[in-house]
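Engineer: Sequence:
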Amino acid sequence: MTAPLAAVAVVRATLEDAHLAELLQRPGMTAQRITRALAAEGWTITRTPAVTEPQQAA
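Its first residue numbered 187, the sequence shown is counted upward by one per residue in my numbering.
Keep in mind that a hint or two might mislead.
Restraint ranges, calculated between C-beta atoms of paired labels, are given here [as the list claims (entries may be wrong)]:
(1) GLN211 / ALA236: 24 to 30 Å
(2) ALA207 / GLN241: 34 to 40 Å
(3) ALA195 / THR238: 30 to 36 Å
(4) GLN218 / PRO190: 19 to 25 Å
For the record, the hints were derived by calculation from the structure and aren't laboratory data.
Think of the CB as a built atom: it goes at the ideal place given N, C-alpha and C, for glycine as much as any other residue.
Could you put together the complete structure from these sequences and hints?
Structural biologist: See below:
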């Protein structure tokens with residue numbers, strides 16, 4: 187999967203602004219900040235439905 191460069195830039199900027207303690211101790215808060223930053227830039231965040239299929243050994 188490849189992500190659009192604009193989305194990658196928003197995620198990277200948000201991660202760079204986060205404090206190390208937040209990244210280590212509260213990763214969920216960081217994820218929420220990234221989601222809010224993407225939404226503020228006009229990205230639509232939706233849940234991807236889980237696809238469950240039988241797996242076959244290689």
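Engineer: For each hint, tell me whether it holds in the structure or not.
Structural biologist: Tested hints:
1. GLN211 / ALA236: 24 to 30 Å: This hint holds: roughly 28 Å between Cβ atoms.
2. ALA207 / GLN241: 34 to 40 Å: holds, 38 Å
3. ALA195 / THR238: 30 to 36 Å: Holds: the Cβ-Cβ distance is about 33 Å, inside 30 to 36 Å.
4. GLN218 / PRO190: 19 to 25 Å: holds, 21 Å
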